[in-house]
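Chemist: Okay, here's what each chain looks like letter by letter:
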Amino acid sequence: MLQTQELQVNIGPQHPSTHGVFRMLVTVDGETVVDLKPVFGYLHRNHEQIAEANSYLQNMPYTDRLDYFNSMANNHAYAMAVERLAGIEVPERAEYIRVLMVELTRILNHASAVGFMINDMGAWQTPLAFGMREREKILDLFEMASGARLMCNYFRFGGVVRDLPPEFIPNLRELLRALPAYIDELERLLRDNEILLQRAIGIGILPPEVALSYGVSGPVLRGSGIPYDVRKAEPYSVYDRFDFDVPVGKVGDVYDRFLVRIEEMRQSKRIIEQVLEQLPDAKGGHINPKARQNVRPPVGDAYARIESPKGELGFYLVSDGSTRPYRYKVRAPSFINLTPLADMCRGYKVADIVVILGSIDIVMGEVDR
Amino acid sequence: MPEMTPAELRARLAEALPAALVEAEPLAITPPPAHGPQPGLFNPPDPVVRPDQLVAAALFVRDTLGYAYLSDIAVVDYLHAGCFELVYRFYHPSGGPGIVLRVRVPRDEPVVPSLTPHWPAANFHEREAFDLFGIEFAGHPYLRRIYMWDEFEGFPMRKDFPRQGDKYLGGESEG
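Chains as they are written, first to last, in the numbering used here: chain P, 1 to 369; chain D, 1 to 175.
Treat the hints as calculated values from the structure; they're not laboratory data. On a predicted model such as this, the values are computed, not experimentally measured, just so you know. One or more hints might be untrue.
[Claimed, not checked] Covered stretches of chain D, as calculated for chain P (at least 3 residues, CB under 8 angstroms):
| no. | segment |
| --- | --- |
| 1 | 93-101 |
| 2 | 144-158 |
[To be verified] Which chain D residues stay away from chain P? Per the calculated CB distances, all over 10 angstroms, these:
| no. | residue |
| --- | --- |
| 3 | Arg-10 |
| 4 | Leu-21 |
| 5 | Val-105 |
| 6 | Asp-108 |
We put the beta carbon where it would ideally sit given N, CA and C, even for glycine.
Chain P on its own, in the form it takes in the complex:
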């Protein structure tokens, strides 16, 4: 007599497509996913408690290690939170340099996210190299400005650590000339590949009202059709001076999330071009000379959030009047974007889990903290 039964299968912790040590406890009925429980913590180091034992400035390089793809974005959110807490002004030129760096980060993050997704689908290595190609040039720019490629540690309270070197702008202009063709090429990798379309369209659908109720942010939320972008919703830094669009998806499947990322790369390029136009007129140096780095903020709390490439990144700080944060809380976008993972995978096949997870674009350094 034939009978069927549900099976529990472990995907991870060591699995090439889980983007780090991440485990999913999947209940399957044949090939169909019935339930999924994400299991975290393999990379947990209690980042927040370590940060509470450090002084405010010592945490700046430590934030690099959260989402190690986007160290500039992490620096920006943390610097903003401390500046709000301590009441530090940032000169205009420094704000433009910050925006420039974070938008470059967005381009490199989205390019590698697309490369990694195609990698997850089984097209090993070659498409990933396409995703990484322009990333190298952006990392070269970061190295020029900050001295480091990945762990930039470039921001300081009241500005950035040093001004752009003279060779930075010509190299950036050269990169901007190459970018449109590169983004088109990356988009053709997505749009013109029959196998990829079969595996991405209609998979992992997250309807807009469900996305909102789960509190997801970033390209996952916008892929579901909700035009919520912190840069527009609550403009920080100098984002209110730029003209750019917020791309949204139509149905909220894996494919939409990637098209949103491709379009965001184009919008980031637009922002960088406007930065280059407005930068020469910007007042002030690269850092507020009156800003002390060993800050001792008054008692109180502050929250700052930015649109990091992966979603809303927020820092909540409470000061007790000493040189160390009394409470340091990271609102990590990758972590919260995993909340609807079970709902997104339910009813799809086991092989789709890998693609759906890739479309959320997580980094375990930030998920596990």
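Starting from the known structure of chain P, fit chain D onto it as the hints suggest.
Modeler: This is chain D only, laid out in the frame that chain P set:
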């Protein structure tokens, strides 16, 4: 873009849910130093909500005021004042600054009703708060440790958790 100051939010809450608000005392975060300048008291302007009215207040914020994006739940351990404070942060999907609700529970009995059955966005925030601070979220469907392993004893983000020499790190070696 809607904008609502903490005072306006307090007025709306007082009108709709008069039993929800509590008058919160300003907190001293650390014991007063023996000498030197005295640090100020921690007194944020946001409304503080009674724990048993939290769900009603959050759903009022979502359904009536339209702040349908629950962004963050942060827990702070005020050891000297003897309470935990939970900071709930809501945003409006059409933009604008967010609004904040605060809940204070005593350290010896940290029980807060869970938002997760009504609002799934709270799920991982609450599990993280349970794991690291030991806040009990009554009614949470799957309240288990999220970062630490299940057998771990203690709550590592509490201010009285030993920083050195606990049973997992150093101290007396087990051979």
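Chemist: Could you run down the list of hints and mark each one as holding or not?
Modeler: These are the hints, each one checked on the structure:
no.	hint	result
1	93-101	holds (count 6)
2	144-158	holds (count 7)
3	Arg-10	holds (18 angstroms)
4	Leu-21	holds (20 angstroms)
5	Val-105	holds (16 angstroms)
6	Asp-108	holds (20 angstroms)
Violated hints for the displayed structure: none, as all numbered hints are satisfied.
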